[in-house]
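J.: Spelled out from the first residue to the last, the chains are:
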Amino acid sequence: MQMPTPENTKRILVLGIGNILWADEGFGVRVVEQFHRRYAVPGNVTMLDGGTQGLYLVNFLQEVDCLIAFDAIDYGLAPGHLKLVRDEEVPKFTGAKKVSLHQTGFQEVLSAANLLGRCPRELALIGCQPLNMENWGGPLTAPVRTQIAPAIELACELLAQWGSPAKLRTAPLPQSDRLLANDIDHANYERRGRPI
Amino acid sequence: MGAQTPNGFKLDNSGKRIVVDPLTRVEGHLRVEANLDSDNVICNAVSSGTMWRGIETILRGRDPRDAWAFTERICGVCTGTHALTSVRAVENALGIIIPENANSIRNIMQLCLQVHDHLVHFYHLHSLDWVDVISALKADPKGTSALAQSISSWPLSSPGYFKHLQIRLTKFVESGQLGPFKNAYWGHPAYKLPPEANLMALAHYLEALDFQKDIVKIHAIYGGKNPHPNWLVGGVACAINVDGTGAVGAINMERLNLVSSIIGRAIEFVEQVYLPDVAVIGSFYKDWLYGCGLSGKSVMSYGDIPENANDYSAKNLKQPRGVILNGNFSEVLPIDHGDPEQIQEFVAHSWYKYPDETRGLHPWDGITEPNFRLGPNVKGTRTDIKELDEGGKYSWIKAPRWRGNAVEVGPLARYLIGHAQGKVEFKEPTEKLMKRLDLPFAALFSTLGRTAARALECQWAAHQMRYFQDKLMAHIKAGDTATANVDKWKPESWPKEAKGYGFTEAPRGALGHWIKIKETKIDNYQCVVPTTWNGSPRDPKGNIGAFEAALVDTPIADPEKPLEILRTIHSFDPCLACSTHVMGPDGQEMATVKVR
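Going down the list, the sequences are from chains C and B.
Here the working numbering is used: position 13 in the first sequence is 13, and no number is missing along the way.
In the working numbering, each residue's number is its place in the second sequence (first place is 1) plus 1000.
Bound conformation, chain C alone:
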C-alpha cells in the first residue's frame, strides 16, 4: 500500500452495489470485483462490494470525502448504456411509503449520510441501464457485460483526477484476496449458473 501524500489524502470509496442473483442487477458488484482484481489503488482508496446492504452502508460513506458508486440505473436509456452522474445530479431521497426496509435504495443511503451531516463531498455514480433484471440466477446480459471495462476506465479517470490513480496489477491477485469467493465470483457463478 502506498503512503498517503498531500496530493492523495482524500479518502475515497469505490463501491459496487446490486444483487448478483438477479442478472443485470449485479452490474455494480461485478464491476468493482473486476476493478479490484485488475488494479491496485493507493492506501486512501477503499474498494467495497456493497451488495444490497442499503442503509447499512451509511457508515462507509460517512468516512470518505469522495465516492464512486457502480450500480444498475434506470434512466430510460438503451440497455447497456453507460452514464456518469456527478455530485448534485446524484439522487438522494428517502421514501417513507416503501413497503419494506429491504427496498432501501442507494439514494436513501446518501440521504441518510447527508442527514447525519457527513455525506461525501464529491459523488460519482457510474451506472448502466440494464437489459434484464428478472432472470433469477442468470448471467449479466451481453450489452451490460461489455460495459464493465468502460466503467472501470471511467473510474480510473476519476481516481486520477482526485490524485489517487489506480495502477494495473503487475502480478495476478491471489484467489484469497479477491472481493468475491466461494464460487460466487463472476466467472464461477456464470459458468455454472443455470437460468430458468
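The set of hints was computed from the structure by calculation and includes no laboratory data.
Bear in mind the structure is a predicted one, so any value in this text is a computation, not a measurement.
Be aware that one or more of the hints could be misleading.
[Claimed, not checked] Below, computed lysine-lysine pairings styled on DSS-like, alpha-carbon distance capped at 25 Å: (1) C:Lys83 <-> C:Lys167; (2) C:Lys10 <-> B:Lys1217; (3) C:Lys10 <-> B:Lys1213; (4) B:Lys1427 <-> B:Lys1318; (5) B:Lys1171 <-> B:Lys1318; (6) B:Lys1225 <-> C:Lys10.
[What the hints assert, rightly or not] Far from chain C, some chain B residues (derived; all Cβ distances over 10 Å): (7) Asp1063; (8) Asp1066; (9) Asp1210; (10) Ala1420; (11) Lys1471.
Here a beta-carbon is modelled for each residue, glycine too, at the ideal position from N, C-alpha and C.
For chain C, the structure is supplied; the task is to place chain B on it using the hints.
T.: Relative to chain C, chain B alone:
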C-alpha cells in the same frame, strides 16, 4: 361475495378495492390489495409477492460448503442469518459437530443481527407509521425535553439539543429533493402523537442511524469482514489468538474488548431509548389495536440460540420452539423439520406448477416450476395487472403450512410461545409493558403488539449477546481457543448421499433451509423464509396467511392514503428479495396507491 375461511376469517371481495403496489423494476414484489366495505373497513385482503424463484436453480451441482455464500446474497438485510441457516443445514446433513466457541460466536452474530435489525427496522421504517415528521417541526423543544426526561435517563435530552435538531430538520424538510422524509402521509388523521413526542422520536431516529453503524462492527470482527461476513461449515471463520497484536483476521483481546464495549452501549441504547419510545408511542395508540390476524390463533417459532453447541432441541434453545394452533395457548406443539407431514408448501394460488396442487410438498422434495397463470376475474393484462384474482393463482410466494395450518412467525410469535411455555424472561417483561400501558394481555394480539414484542426482544437479545460474549471470554481464558472442526471438511469423508436441514430465528421469523447432497454436490436446496409464512397466499383449502388476516377488519381513514395498511404490513418487518435499489433520476415514490 361473502365467505368464511377455514381458519375463521370472514371475507367479502365486493366493494371498493385499494391496490398498494411498490414501484420496483421487478414485477409484483409485495403488493397488497384490499376491499373496503361502505364504512371503509377492510373486508378482504390479498397479499402478493415476488420472492426468488427457487434457490435450487442456482445451487444445484455446487459444493455444499459454498452454499452459505449464495444464500447470503438473497437479501442484503438478512445476510448473516441465511448464511448461518445454510451452514447448519450442511452440518446436519453430514453429521458435523462444531466447537463451543463457534456456537458462542455464531450466537453473538445472530443476536447482533436481531438487535441491529429490530432497531433499524423500528426507527427507519416503522416509526414513521406512527410519528409525523412535519408535526415535529411545530414542537416546543422545552416540552420535548420534559417528556424525554420523564421517561428515561438518556443524557441527550436538553431543550437546546432538541431545539438544534429541530432547526436542522426544518432545513432538510425545506430543501426539496434533499428532504429525506418526502413521499409520506404527513398530516394524516391516523397520526396521534403530540408534536413534542414526534420531535423526541425523530431525534432518536437520527441517533439510531448513527449508532447502528457501531453494532455491525461485531459482524466485521467475528465474520472477518462486513458487509458479507465469512461463514464456515464446521465452525466460524475467525481464529482466536489472544496474544496476537492486530494479526490479520485473528481475534485478540483488543477485539474481544471492543465487542464487549459495543454490547454495553447496545444495551444502554435499547433500554434508555428504544423501549421508552415504544412505550410512549404505544400510549397514544391504545385505541388502535387492529392487526391481530393470526397472532391470537396460530403462531410458530423454530427456536434458536443454542445454549450448548450442537443441540437444537427445544430445551437447549434460548429462543422458544414450538407451535400454537387455533388459540389454544395452553399447548405448545413440537416441531420436526424432517417430518414430511409437518412443514409443507402449497402452490394452488402461487405461480408454480405441482403434479397435484391439492397437496403440499415437504422442502426436501420441493420443486419450483414457474407457471404464470392468472385467474379468470383478473382485471388488466398479464403485464399490467390492475386487480388480482385471488380465486386463481396470484403470487410468486408459495403457501407454507404447518400440518395444514397457516401460522404467523416473528418476534410476537416467539414471545407468545415463550409466554405460553411459562418462560419468565419472556413473560415478565411483556406483562410489565402491558401493565405500564394499562392494557389487557390480549391487546398484544395486534399490530402494536408486534411492534412491542420486537422492542422487548431487542432488549433480550442485547443481554444475551453479553451472556455469550462472557461465555466465550471464559472459555478462552480457560485455554479453549478452538473455533472450527475440520474433521469432515474433505468431501471424500462424506456419504454418497445425505440430506439435512438447518433453522434459525431470523429477526422477522422462522427461517429454514433444506439440503440434499449427492456425490458431494448439492442435489436440491430449498429455503422457506419468514415472509413466505407471513405473506403467503391462500392454500387449497382457502386458509389465508398472516398479512391477509392482519389487515381484515381494519378501518381506513382515507382510502387514497392507506397509512393503516402500511403500518400493519410494516409491523411484520417483511423481507423481499433485495433487488430494488436501482437508481432513477428523480425521487420515485416507493409505493403507488390506486383506488378502484
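J.: Against each hint, give a clear statement of whether it holds in the structure.
T.: Here's how the hints hold up against the structure:
no.	hint	result
1	C:Lys83 <-> C:Lys167	holds (23 Å)
2	C:Lys10 <-> B:Lys1217	holds (23 Å)
3	C:Lys10 <-> B:Lys1213	holds (22 Å)
4	B:Lys1427 <-> B:Lys1318	holds (14 Å)
5	B:Lys1171 <-> B:Lys1318	violated (46 Å)
6	B:Lys1225 <-> C:Lys10	holds (23 Å)
7	Asp1063	violated (7 Å)
8	Asp1066	violated (4 Å)
9	Asp1210	violated (6 Å)
10	Ala1420	holds (29 Å)
11	Lys1471	holds (27 Å)
Comparing the model with each numbered hint stated earlier shows that hints 5, 7, 8, 9 do not hold.
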